[in-house]
Amino acid sequence: MLGQKLTTGDRLLLALAVISLGALYAVYWGQSVYGNQAAIAIGGKHWSSIDLYQDRTIDVEGKLGISQLEVKDGKIRFISSPCDTKQCIHQGWIHQSGEIVACVPNTISVRILGPDPRFDTMNF
Amino acid sequence: MVSGLMLSSCSRSSGVYYEQFLGFGTLIEVKVWGIDEKAGQQAVAAIADDVKYMHETWHAWKPGSLSRVNQLLPSQEKFSIGPSVIPLIKRASQLADQSGNRFNPAIGQLIKLWGFASDDSPKGLPPSTDAIEKLLAQKPTMQDLVLDGVQLKTNNPAVQLDFGGFAKGYAVDMAIEHLKELGITNAIVNAGGDLRAIGKHGDRAWRVGIRNPRGEGVLASVDIQGDESVFTSGDYERYYEYQGKRYHHIIDPHSGYPKQGVTSVTVFDTRADRADAAATAIFVAGVEKWYEVAKAMGVAGVLLVAADGSIHMTPNLKDRIYFDVKPVPDVIYSEPLT
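Sequence order for the protein chains is A and B. Straight run, no breaks: the first sequence in numbering that gives the first Met the number 0 ends on number 123. Straight run, no breaks: the second sequence in numbering that gives the first Met the number 0 ends on number 337.
Treat each hint with caution, since some may be false.
Unchecked claim - Below, simulated SDA-like cross-link-like pairs (lysine to any residue); rule was C-alpha separation at most 20 angstroms, straight line:
1. Lys325/B with Trp92/A
2. Lys288/B with Asn315/B
3. Lys199/B with Asp318/B
4. Lys85/A with Val286/B
5. Lys111/B with Asp83/A
6. Lys199/B with Asp115/A
7. Lys122/B with Asp83/A
8. Lys85/A with Lys199/B
9. Lys44/A with Ala45/B
10. Lys71/A with Gly214/B
11. Lys122/B with Asp54/A
12. Lys44/A with Ser10/B
13. Lys44/A with Ala38/B
14. Lys85/A with Arg245/B
15. Lys179/B with Gly148/B
16. Lys85/A with Asn315/B
17. Lys44/A with Gly191/B
18. Lys199/B with Pro114/A
19. Lys111/B with Asp251/B
20. Lys85/A with Gly114/B
21. Lys85/A with Gly191/B
22. Lys111/B with Thr84/A
Unchecked claim - Here are a few chain A residues that sit away from chain B, every Cβ distance over 10 angstroms (derived from the structure):
23. Lys4
24. Asp9
25. Leu13
26. Ala14
27. Ser19
28. Glu69
No lab work stands behind these hints, which were simulated from the structure alone. Small disclaimer: the values here were computed from a predicted structure and weren't measured. Beta carbons: idealized from backbone N, C-alpha and C, even for Gly.
Construct all of the structure, not just a fragment, from the sequences and the given hints.
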């Protein structure tokens, strides 16, 4: 085989192999890094687990009132909250497994879940 | 529509017991590797009790042992203090001294003047120059305190204690010690983004993501080595804007104003209380003097993000820190700390 030119079939087979590898990477490794679920807690208590690939907004009622979360393309963020500092909104989107965003005054937290989390905990 | 069903506060997956609760005005997360759910619940319940007690006792302004100290200090007379506050004062005094008073819990009045003593963000005008200068002229420091057994006094009526930059670290240390007493050797206690970790996650190290202080996502990741604390002070944590200028909560005790020129400081150390105090002190020291203060306080490692976006780091972190941002930033390495 060495020294011979690649045929069109060989090239197609190689391209297919590369694409398959990419797909396998995305499915088996990528999903563990980019979690597909998030756990929402209120007052430290688990409230609900949600699918991050079902785009929508979610109203969550905390100690101060309603915080609104936006879910889009595997990511989640706070878009409104009755807190004073709005730190939760400033943090923006999170999507990697192990990432967490919280509105402490409204006692709501959102944590990205994944089978092999990219991070065990977040420092900030 | 998501149902509002209240479920258990804890979870257990991949050998890890996880639970979160609110304490010290923040979200506290506990992860323990290799423990059953019942033991995990008992351990976290014990920590939660400790944290509740410490928060109530050490709050600078809400009724409790420390706020009583603050009420009595201006009398300049000797008075008895609660035994739980004594080790906190001793340790904070030691760290303040090492930091050249860049970490200075005696400036409670200045913190209050800027409005950061409350749980809410301050609104309205920054304090007047006159008011700041009047306080600075009295030079309150921890060295103004005279502790004799359980009796405390000061000759400086401007001293008011605020352990906001330290009590959380002290509490994290106590929580980890409590876990160790319960026989737990693999755990993380994270209080509002500042953490101490011991042991491992099974056969691998605990993985920590350091949030990007500017923008979304993660700046860098690091694997924990054995028993290690990671604490960050940043200008994005608590701030307000007035006439287009950001006024954040890390006040330079020497100038009386929020320190400029630094975005965040992440400190690595075995002890959480030192990491907490040092993160504040090194932030206040700024780009010019951060290394000097880090060395004086004896911390293990530092990652500093300057306001111009440059990154300064101790060389011992070079092979441990993996930057997540693109392009990977150039790093200015200091001399080794030891």
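Against the structure, the hints:
1. For the given pair, Lys325/B sits about 17 angstroms from Trp92/A by alpha-carbon distance, which is consistent with the 20 angstroms threshold.
2. At roughly 19 angstroms between alpha-carbon atoms, Lys288/B and Asn315/B fall within 20 angstroms of each other, so this suggested pair holds.
3. Between Lys199/B and Asp318/B, the direct Cα distance comes to roughly 19 angstroms. Compliance with the 20 angstroms bound is thereby established for this hinted pair.
4. Proximity of Lys85/A to Val286/B is assessed by CA-CA distance (about 29 angstroms); at most 20 angstroms being required, the pair is judged violated.
5. With a C-alpha separation of about 17 angstroms, the suggested pairing of Lys111/B with Asp83/A holds against the 20 angstroms cut-off.
6. The suggested pairing of Lys199/B with Asp115/A holds, with an alpha-carbon distance near 15 angstroms, which does not exceed 20 angstroms.
7. A distance of roughly 10 angstroms separates the Cα atoms of Lys122/B and Asp83/A; the hinted pair therefore holds under the 20 angstroms criterion.
8. Using a Cα cut-off of 20 angstroms, the hinted pair Lys85/A and Lys199/B is violated, with the two alpha carbons roughly 34 angstroms apart.
9. For the given pair, Lys44/A sits about 17 angstroms from Ala45/B by alpha-carbon distance, which is consistent with the 20 angstroms threshold.
10. Restraint check for Lys71/A and Gly214/B: satisfied, since their Cα atoms lie roughly 18 angstroms apart, inside the 20 angstroms limit.
11. Distance restraint check for Lys122/B and Asp54/A: the Cα-Cα separation of roughly 36 angstroms exceeds the 20 angstroms cut-off, and the hinted pair is therefore not satisfied.
12. For a cut-off of 20 angstroms, the pair hint linking Lys44/A to Ser10/B stands: about 10 angstroms separates their Cα positions.
13. With a C-alpha separation of about 18 angstroms, the suggested pair Lys44/A and Ala38/B falls inside the 20 angstroms cut-off, and the hint holds.
14. For the hint pairing Lys85/A with Arg245/B, the CA-to-CA distance comes to about 15 angstroms; that is within 20 angstroms, so the pair holds.
15. Annotation: proposed proximity of Lys179/B to Gly148/B is violated, straight-line Cα distance about 29 angstroms (limit 20 angstroms).
16. For the proposed pair Lys85/A and Asn315/B, the alpha carbon gap of about 36 angstroms is over 20 angstroms, so the pair is violated.
17. Taking the CA atoms of Lys44/A and Gly191/B, the gap is near 16 angstroms; set against the 20 angstroms cutoff, the hint holds.
18. Straight-line distance between C-alpha atoms of Lys199/B and Pro114/A comes to about 17 angstroms, which keeps the hinted pair within the 20 angstroms bound.
19. With a CA separation close to 14 angstroms, the supplied pair Lys111/B and Asp251/B stays within the 20 angstroms bound.
20. A distance of roughly 17 angstroms separates the Cα atoms of Lys85/A and Gly114/B; the hinted pair therefore holds under the 20 angstroms criterion.
21. As the CA atoms of Lys85/A and Gly191/B are separated by approximately 15 angstroms, the hinted pair is consistent with the 20 angstroms bound.
22. A distance of roughly 17 angstroms separates the Cα atoms of Lys111/B and Thr84/A; the hinted pair therefore holds under the 20 angstroms criterion.
23. Listed as outside the interface, Lys4/A is consistent with that label: its C-beta sits roughly 38 angstroms from the nearest C-beta of chain B, beyond the 10 angstroms cut-off.
24. For Asp9/A, the condition that its CB be more than 10 angstroms from all CB atoms of chain B holds, with the nearest at approximately 34 angstroms.
25. With a minimum CB-CB distance of about 28 angstroms to chain B, Leu13/A clears the 10 angstroms threshold, and the non-interface call stands.
26. Listed as a non-interface residue, Ala14/A keeps its Cβ farther than 10 angstroms from every Cβ of chain B; the least gap is roughly 27 angstroms.
27. Listed as outside the interface, Ser19/A is consistent with that label: its C-beta sits roughly 26 angstroms from the nearest C-beta of chain B, beyond the 10 angstroms cut-off.
28. Against chain B, the non-interface label of Glu69/A holds: every CB pair exceeds 10 angstroms, the least being about 13 angstroms.
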